[in-house]
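Given chain C, work out where chains Y, A, U, Z and D should sit, using these hints.
Protein chains: 6
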Amino acid sequence: MYELGVVYRNIIRADRSSTDALAALGSATVHEAMGRVGLMKPYMRPIWPGAQVSGTAVTVLLHPGDNWMMHVVAEQIREGDIVVAAITAECSDGYFGDLLATSFQARGARALVIDAGVRDVRTLEQMKFPVWSKAISAKGTIKATLGSVNIAVVCAGALIHPGDAIVADDDGVVCVPRELVAKTLQAARAREANEGDKRAKLAAGVLGLDMYKMREPLAQAGLKYVD
Amino acid sequence: MYELGVVYRNIIRADRSSTDALAALGSATVHEAMGRVGLMKPYMRPIWPGAQVSGTAVTVLLHPGDNWMMHVVAEQIREGDIVVAAITAECSDGYFGDLLATSFQARGARALVIDAGVRDVRTLEQMKFPVWSKAISAKGTIKATLGSVNIAVVCAGALIHPGDAIVADDDGVVCVPRELVAKTLQAARAREANEGDKRAKLAAGVLGLDMYKMREPLAQAGLKYVD
Amino acid sequence: MYELGVVYRNIIRADRSSTDALAALGSATVHEAMGRVGLMKPYMRPIWPGAQVSGTAVTVLLHPGDNWMMHVVAEQIREGDIVVAAITAECSDGYFGDLLATSFQARGARALVIDAGVRDVRTLEQMKFPVWSKAISAKGTIKATLGSVNIAVVCAGALIHPGDAIVADDDGVVCVPRELVAKTLQAARAREANEGDKRAKLAAGVLGLDMYKMREPLAQAGLKYVD
Amino acid sequence: MYELGVVYRNIIRADRSSTDALAALGSATVHEAMGRVGLMKPYMRPIWPGAQVSGTAVTVLLHPGDNWMMHVVAEQIREGDIVVAAITAECSDGYFGDLLATSFQARGARALVIDAGVRDVRTLEQMKFPVWSKAISAKGTIKATLGSVNIAVVCAGALIHPGDAIVADDDGVVCVPRELVAKTLQAARAREANEGDKRAKLAAGVLGLDMYKMREPLAQAGLKYVD
Amino acid sequence: MYELGVVYRNIIRADRSSTDALAALGSATVHEAMGRVGLMKPYMRPIWPGAQVSGTAVTVLLHPGDNWMMHVVAEQIREGDIVVAAITAECSDGYFGDLLATSFQARGARALVIDAGVRDVRTLEQMKFPVWSKAISAKGTIKATLGSVNIAVVCAGALIHPGDAIVADDDGVVCVPRELVAKTLQAARAREANEGDKRAKLAAGVLGLDMYKMREPLAQAGLKYVD
Amino acid sequence: MYELGVVYRNIIRADRSSTDALAALGSATVHEAMGRVGLMKPYMRPIWPGAQVSGTAVTVLLHPGDNWMMHVVAEQIREGDIVVAAITAECSDGYFGDLLATSFQARGARALVIDAGVRDVRTLEQMKFPVWSKAISAKGTIKATLGSVNIAVVCAGALIHPGDAIVADDDGVVCVPRELVAKTLQAARAREANEGDKRAKLAAGVLGLDMYKMREPLAQAGLKYVD
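Chains as they are written, first to last, in this note's numbering: chain C, 12 to 238; chain Y, 12 to 238; chain A, 12 to 238; chain U, 12 to 238; chain Z, 12 to 238; chain D, 12 to 238.
Bound conformation, chain C alone:
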């Protein structure tokens, strides 16, 4: 948050296989498994539907209207990373387009998460490069001011440390701190394990009221039925 003009080259990334396994569970289940924290604000939306990814965060802090550090962060990307871009003030400019996406993809990035705008969105969809952003805007940026790479950043209300795991899909973007990835994966899998059984019951017409044994606590809380 506070260092400008610094690039940290060596970051410790969350465990690869645990991080990769989070994608299939999805942001909602992972967010629940975290204890309902770590979620970015819901204004972060995918620029095309259907992508569901997880990866390790490489972070970049940029100034409004200035995407110079996007080229600096590109060099720090490794296979399996997701770039998380924060801005020092609110901005909806298009920081990222098809050329940068080509570079990011060539370096092994799985996605971009940016608290600002992007452009060339039709081409990005054709390239199957997923982006979660606050805006879509043709407005370009300049290259004049230094930010930083791989420092802790606040992106869309969530604190992201370099190396944390990121899980993103059509429901949103959640960050799992590096040291909690294994535990969160376990908790998320446990949540999902009995979902199939629940779904079958509900599809058969069993009510959540009965399946979750809610009738008594509801009555105790004072719920009244009127015919």
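Be aware that a few hints might be false.
Since the list can't tell identical chains apart, any single copy or any two copies may satisfy a pair.
Calculated cross-link-like contacts (lysine-lysine; reagent style DSSO-like; alpha-carbon spacing at most 27 Å) [as the list claims (entries may be wrong)]:
hint	residue 1	residue 2
1	K212	K235
2	K154	K235
3	K52	K212
4	K224	K209
5	K224	K52
The hints are simulated quantities; they were obtained by calculation from the structure and are not laboratory data.
Just chains Y, A, U, Z and D, lined up with the frame of chain C:
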């Protein structure tokens, strides 16, 4: 609006066949037929495109961040209902996901209209369960506080009584009071009856200026043409 | 901006072939070629994805909740025009639906750009009539008050003169003043000319840092790498 | 909500002395006494600080950009009323200024609550006429379309029936249904009765944790202290 | 709008005495006298209440997060000017504080109108330097990119040419084109002339319904009274 | 961010005298001295004007609509602290009123900074207890769910560690990390040292263009003057 902790079991639903017939007319035509009232605010958007439904409202009032009553309302759903969910304060949390959708669908619900967020949107689309909502969010909710079921609610700026007819499509969501359904259906059909003829004329290049005889009132209002 | 109740019939349109050639370049490239000005605010979004058009602006100024002048502007449309609609105050009502689209299309309009709402969006997509708007709303309008046609208007923060070129795609909407169209086309083509080469290099793993020779200016600005 | 072009002359107003007594309790206490319902959305703000009023609602439904019905509702005002103005769509125009305020004040109105804009705000403050509104705007309105007077309306998310009690201050605006005014007044007074005692204890350094006996439920919920 | 890096030194200012006379009439009356056009969006608010000014526009176009041109425009200010600042993209940074205000005031500026943020607002109020802005923000700006001075700009949705008259007060900001100042002053004075008489009548209890003879047109429009 | 249900009792607070000295410099100068980072978003506004404070952060993380932890944090306040309250999702409810303010004040708190709403604002102003918040709302909260006290939180886009220094005034709220307080104070004082001299020159009519020697870099950047 004012009773908390109450579930009304017996509501009078709008006439089934009239209600069902409204879907084909669409929200814009029905809204016009109502005299341009009854529409929810335009921030209510479908989570997937193309659904066009009508049904009878079963209402639920929830507290921010608390979806307990969603399980209570599930039991009150009958074939052909649309659940209309209002919140006592502004909230974008994800109150509803694929498990609840499975239950609602099994009970016969045609759609959910909620002045808050939902999640598992990709699965909801695969299930073909339509939702109109204010937000999409992975953020889950707790189950701690009582609301009510089948009381009058204000949802996205519109007053909904249980049993009213709801019409929703890509243009928005409109509520037709139970006692006005037959009359509104008639008015909406009358509006639509001559649309085919108008469309053919306009497609042939006839101007609305001439077709609607607007030239004289425009001139009287003072419109001037400058060459 | 200041004349109400006037329709200018004879406007000078931007050069047809230059205007038409802008579509393929897209709003982001054209905006850059203009020196990063002329863009509408990013809240202007296409109602269906994938359209990419350019055309000459026919402008209309409307009052909130009143679409009377839409019928007046229809008569002024010529083949290759894009209608640009501004409102004298903020409004999200649905000023435009499938009937007006049929008329506009019959007159040769390529698209509508409107700083308000539209409706019948599913039908508009089936008709392949592109619209960029601030909102989608089933809310209809009245026909009571005069505005103007083919005066200069401010639409979504951009100044549009009748006859200017409009370029719109999934990234947004940009306006090119009539007298700058040829020069902008040239500049945009020059920008695009070497993009293929750059893309190939980036795809091969060359970094923008090296391709754009940024390492030295970054070091001069004080960028530090920490291992 | 659904009748346009109607003025109800005879409405049953909430009990005068109970209604008048609510002002001193304030919107927050009254809202709590209601069970935390009935509040307008927090975007409703006073145009000048410090006013604290209660009164009986006279309602008016207007169209966007059209204040014709403001003159119609003026005639229905009686001493002790508060005019509640709802709009059929979102609008920030200035529907009300010093001339209408002079008329409303002469008729006995205590305040205006409007889900839109007002103007002449400096003069309104000098007149000590309180207004709660969504916006301040110099934009004037036309007089062309009928709305209604004294029908049920939705204003800033709250349902208001004519004759209900309205309580408004710097914290917001709350509506108390006519039939609940006496009961709400009693509950609000009960809440306030022991506030003086609580305030004295808290000022002396007693903690809410102890005064409200929260330590045990917090421990049971799992709260842990770390030194 | 389209020239960057240019300062026009010689602009033709609206007639001084007519421009100065507009202040006393206020933004609402002037806006009506213009035919209800020329108003900036209502998000433009005074940073302190009570100022009411008019003056001739000196315009400046800035880039997001960059206030370099503020120093350039300072030199172009003459006694009686109001600086109107537009930004090429949305930005809420604090472009202007007490040092620039000291300079502007020394050059004869009467106010600043800026579609972005300002800071040092407490000091600005103490200096009695009026500002209308979109935001208040401590966030500073850099000095890196050229904009322009005294070109036509779009500020908060309104088109402003250098030399136009600006009228601003607690109700908002309106722009009167240079060539319309005399005519607008006349129309505004005519509007105001009979306001005193109207106010006296309304204060005496006469209804607008009668004073404006609205009863017959309301009846013709179909208004019904129900007892 | 990630621990729920924990209260850290022993935090290391920033140096008292340096922290206290920051208030007089104000948020804008401190933010500049930090290198233009650390600022909360500009939607955080004082509920009454004129307060200018600094203090050490005691943090609390709350759930939407639930203020239980406010009573827990009260016990952790020491003389000179400022309570910084973050919410796990967006919420505008009124978490804090005059009773809690009485308690906070008795414990030695100088202010509250909360990314949500507060109420009893008139009384808070009379008590001279400063609050910076996102909203004002009469809507009360429940006491049902555990959050945490004195963990790192994200408040209005800024990362706050317990013990950091907070500076807040009419321009906004800035956070200075504990370890940077002395250095920031020094830098801020240096910035301010020559402001008096600059102000005198500007007041005498000297231009920033000359005082900051901008004419040459502007010319080099290509600025052109047109007579």
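Each hint tested on the structure:
Taking CA atoms no more than 27 Å apart as the test, K212 paired with K235 passes inside one copy only; the shortest distance there is 26 Å, against 38 Å between copies. For the homomeric pair K154 and K235, the shortest alpha-carbon distance between copies (17 Å) is at most 27 Å, but the shortest distance inside one copy (63 Å) is not. In the homo-oligomer, the alpha carbons of K52 and K212 never lie at most 27 Å apart, since the shortest distance is 33 Å inside one protomer and 36 Å across protomers. Taking CA atoms no more than 27 Å apart as the test, K224 paired with K209 passes inside one copy only; the shortest distance there is 13 Å, against 39 Å between copies.
Taking CA atoms no more than 27 Å apart as the test, K224 paired with K52 passes in neither setting, with 32 Å inside one copy and 35 Å between copies.
Taken one by one, the earlier hints fail for this structure at numbers 3 and 5, listed in ascending order.
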